[in-house]
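4 protein chains.
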Amino acid sequence: MSTKKELLNQQIQHIDIKQHNVVALVDAMAHMAFSSRDLARAANIYEMMLRDTECGVILCLAGSMVSAGLQKVIVDLVRHNMVDAIVSTGANIVDQDFFEALGYKHYIAGDEYKYGGGDAELRELMIDRIYDTFIDEEELRLCDEVTEKITNSLETRPYSSREFIAEMGRYLKENGRTPENGNNDSVVLAAYEKDVPIFCPAFSDCSAGFGLVAHQHARRGKPVVSIDSAKDFYELTQLKIANPTTGLLMLGGGVPKNFAQDIVVAADILGVEASMHKYAIQITVADARDGALSGSTLKEASSWGKVDLTYEQMVFSEATIAVPLITGYAFHKNAAAARTGKRFSQVLEPVTA
Amino acid sequence: MSTKKELLNQQIQHIDIKQHNVVALVDAMAHMAFSSRDLARAANIYEMMLRDTECGVILCLAGSMVSAGLQKVIVDLVRHNMVDAIVSTGANIVDQDFFEALGYKHYIAGDEYKYGGGDAELRELMIDRIYDTFIDEEELRLCDEVTEKITNSLETRPYSSREFIAEMGRYLKENGRTPENGNNDSVVLAAYEKDVPIFCPAFSDCSAGFGLVAHQHARRGKPVVSIDSAKDFYELTQLKIANPTTGLLMLGGGVPKNFAQDIVVAADILGVEASMHKYAIQITVADARDGALSGSTLKEASSWGKVDLTYEQMVFSEATIAVPLITGYAFHKNAAAARTGKRFSQVLEPVTA
Amino acid sequence: MSTKKELLNQQIQHIDIKQHNVVALVDAMAHMAFSSRDLARAANIYEMMLRDTECGVILCLAGSMVSAGLQKVIVDLVRHNMVDAIVSTGANIVDQDFFEALGYKHYIAGDEYKYGGGDAELRELMIDRIYDTFIDEEELRLCDEVTEKITNSLETRPYSSREFIAEMGRYLKENGRTPENGNNDSVVLAAYEKDVPIFCPAFSDCSAGFGLVAHQHARRGKPVVSIDSAKDFYELTQLKIANPTTGLLMLGGGVPKNFAQDIVVAADILGVEASMHKYAIQITVADARDGALSGSTLKEASSWGKVDLTYEQMVFSEATIAVPLITGYAFHKNAAAARTGKRFSQVLEPVTA
Amino acid sequence: MSTKKELLNQQIQHIDIKQHNVVALVDAMAHMAFSSRDLARAANIYEMMLRDTECGVILCLAGSMVSAGLQKVIVDLVRHNMVDAIVSTGANIVDQDFFEALGYKHYIAGDEYKYGGGDAELRELMIDRIYDTFIDEEELRLCDEVTEKITNSLETRPYSSREFIAEMGRYLKENGRTPENGNNDSVVLAAYEKDVPIFCPAFSDCSAGFGLVAHQHARRGKPVVSIDSAKDFYELTQLKIANPTTGLLMLGGGVPKNFAQDIVVAADILGVEASMHKYAIQITVADARDGALSGSTLKEASSWGKVDLTYEQMVFSEATIAVPLITGYAFHKNAAAARTGKRFSQVLEPVTA
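Chains as they are written, first to last, in this note's numbering: chain A, 1 to 353; chain B, 354 to 706; chain C, 707 to 1059; chain D, 1060 to 1412.
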């Protein structure tokens, strides 16, 4: 049996789209068929979204994008004004991005572990597995403790996940987990510094949830910090109202997809005639045939009045291949040249206060 | 162009597993290969789970199960002590189950609508589409209004989604939306009456979210009803602690799967040595190869210490086919004969108070 | 390490649709959504196909249907006049059906073998694996030898695969591999007795191929038995011309699907205005998005003039679950009551001669 | 309704991997997770396969690769000694590659046609659809006629598909359908000139099949040209025997995958201790869970003694995205520098004679 150290010896390294000019490659794909053509069209729509300076770009993250080597891509999108708000699963933001921001790493699992043959052994070693990737569960527990510590430092009241995640960004900044200090950059930090709000609509479903549960348990019977998911929804709707033209760049489906699409309807309910999302891209391998939202077409979303039909594109590809091509295309075409940050977090301050 | 009335003329009817004895069929499948054998093993594990009277059975619902004709199956599981807690997406519980409880229906969409050809037309008619199913959006808006009304009637404080959904059950009971009154039975009502708690960890991501946003908007600057997703997690963890032997019956993946699996770790964090889920079944067509949780194997979950390896089974099938066979098998084998309801909602009352 | 005997100890047993009346179950599915509704419609179309006594029913088999426990289903379809011609991969017909007809068996593989963890061990033991099923490779070699023996007994000329497989049927009959003799029934035997032609358009791609290669190698430089795939195509086209109304029941995609669809065009090329396949059902989990034929919709086939749009249905399900339901439905509704065998093999005799 | 001319106005253009240096991009993917890492490993294995100058590289083609814009990639692999034999579906070689070699084109279909909404209209216009690609059926009929003409010009005897396809190459050369004459290059021509044999084990299942059926019909009762699929298998096995070290580069699954894998066993049956395929790569989105060969893992193939476990990699991606990256990587790393053509067609001449 391998030791823990032997198993955790090859770090996941995040791809840097700035190093790979894929413009000609993606342009060539536009004249082919199947997924390559769809990918090229999606890249083109993302470019349009960015050139439309009115457009607020909402990045949706499901699956395990950060641990899979896409952290730097997302950081770059934030740092280069290519995304204005993020809606994510908690796993991407807390267990993976914040975790790496604290200095921990993800590791490459050998192919023999991919299909479950070694899971009993991993359990004994306290190694967690995400398909072909390893995490040191002891480090994850330390990450849980940091979220508990942050929770304990807060005034007891309901918070949107967005507010809580901003506190995580502040924690990183105040504790020197920054590039200036020789540490790696992170999505939570970059978003904090660029006033890009991050929403996790199912926030307790991650490492932060463990910290919050520990906090509420320790203080049972007393006032506690709580996470108001309705407030999340209200805040994101406010952004839609403040910035009517919107585009969605969705990696995977799940709750983030549903949540971001729903704000069009929510705005309507608040009495504001909101336009549908003008642009929408989704990268997913989910199947439409089970009727679930993750694989449902963007055309279906248009029947709900959520997504406009003109500039929408599904791309049938696992994200780690398609995302560097689509975002790298927009980056190297300098599509965000005319954009300055929308600083959406500042828009929400009156809401919060 | 068809009229709205023409399009909404054929109701979805819920299958009644009590009418179909599938025991011999499923037993025959145990000796075949591929999905049929897996399905038979899952049915067998579900039977074991129920015969193990110590076991608290947690039903997880993602996708669109209720609108697809599985409402009565879930009601029957609740009424016959075959499930002790439910973790679900909001869509299943509010937009679909509560919606039907209010007297509205889902409709069969013609095949020509399935691939998106008619979505612009549907948009104009205010018909929403879930793959091959239609919903009257005007009725959905009325459902939103009921959730707003319920919200407005509550004391302003943070609620777990479980508490809020119990209020929805109370509403149905008090307003006579019951079988006793000649109306259809529903999951929300049955769970309310049987003290089966229902959790929606991403609760604002549904029709109730619209009601909550309207409530918070109307009362901005004043105390509001909020939905504390951390409390959800804390409550479900309490159930795991109170009833250590647990089994998962998961229809689809997504947040419900993750949330229900995570309570093992959460209990551990609260200092309680919690056993892994002893039994676990998941019915899904999601692919493992994108690394996302929905399609991740239950073996992978065992590396996280969440699911025991002995009695776990994935079934690769769209749920509307597999669920009637698996649940019907356990029902007709009378597997729950020795079970009385665990009344988990009552366990949570001291937590809530 | 387990012994070969330990690993090959649990036989695959073939499901008997005659024992399971699924009519009410499938009828209930017609009012649901997603795959259950599609499955019910497919069952209904199969019933229509059979009640239309003009219709020649072509069964297409890809994947590993026989080894998976569907052998008896196919035998029953043949014996009860529910199929008039078969187009298949060689694996189903030779490696699996003929193999079992010779008295060999398929075995259930433990779950731990399913994902490849034990394949090196299996290789050493000469056990072949099909996902979750084991085959004794030494027995498979014996099967190869029988096909070589049959080949050597034939006059040297080009044969259609249909002619060759009829010889395999004759071999079974003459060697007493029949139910009358206490042996199991088989597709090859039943089809031989009922004059149901079986075509394997890629015939050398199976156990028979090994026999044929051995034959041609031993006789190199001399006249040999050859397998003329063009003759296959010509013969199947003749059937379409002789019996213009046709329906397809396709389990999986691949070459059989393509081949059977193509005969409409081939008839046209021979100057016969052939009608499209009037009915078409396909059961598959293949995805449409890779553009490959296996997952391509039957609507796409209609653009090629191959399949009529009125009575076509794709069912998204792994075959071992859906096939017993669809065929069992038609069987228990006695849909073939008015049909007598079409004896298509006799139609082809003048072609052959 | 659009006219045929309007619908067929945007040609598919084939990607040129020589123009896109993807080495750094693919190298970066090696340190990520999921499909990107698998893709990088596959590229690396393809590079190893080419640097191993003993290795005979067999390219397997299923699906619609040529019409999708990969024709030039395959031509480049042939022209640059990066492939030594091809096993393909007939569609890729005849309906698509030979078809384009005759001067016809494939066209981009608008998104609104992708899901089948316009298929009745296409049928009327004699436009055939492959997912998102259009073909002029009248041109396809002209292609059928050329294959009939070639068939009629041949001596009547059984041919391997390999021999027949070589005749198609000769036809192109003799009729000036060559780059030297200002026409596009093609796989059939390049393979003819480079002595790269092309096998289509289910040869009649394509445009050539229509020509062959017409030929056999016109000459019924007389000696005809026939296509001996056993001879195909025998010939490919001879290559395995003549060149024991082999590697497989498989785009899609189906018959080509099975056929190419099987030659290891066939060689064994001929009394030659054949080594397993030393290298194997497959690019596919097929699912393993239906037990069919297309999605079966290469580990499963190792249980059959067909593929070695050391250098095998499945890549879960639609081919149009992954193929330019994998082949482009090997091209730009100049992996074939030390290779000269193996001229496998010449090896087969004594077999043929």
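Hints in this document: simulated from the structure, not taken from any laboratory. The structure presented is a predicted model; accordingly, all values stated were derived computationally and were not measured. Possibly wrong hints are sitting among the right ones.
To be verified - Mimicking DSSO-like on lysine-lysine, the simulated pairs with C-alpha atoms at most 27 Å apart in a straight line are:
# : chain 1 : residue 1 : chain 2 : residue 2
1 : C       : Lys879    : C       : Lys900
2 : A       : Lys222    : B       : Lys458
3 : B       : Lys686    : C       : Lys724
Outcome of the hint check:
1. For the hint linking Lys879/C to Lys900/C, the alpha-carbon distance of about 13 Å falls within 27 Å, and the restraint holds.
2. Between Lys222/A and Lys458/B the CA atoms are separated by roughly 43 Å; this puts the pair beyond 27 Å, and the hint is violated.
3. Note on Lys686/B and Lys724/C: the hinted pairing holds, with a Cα-Cα distance of about 22 Å set against a maximum of 27 Å.
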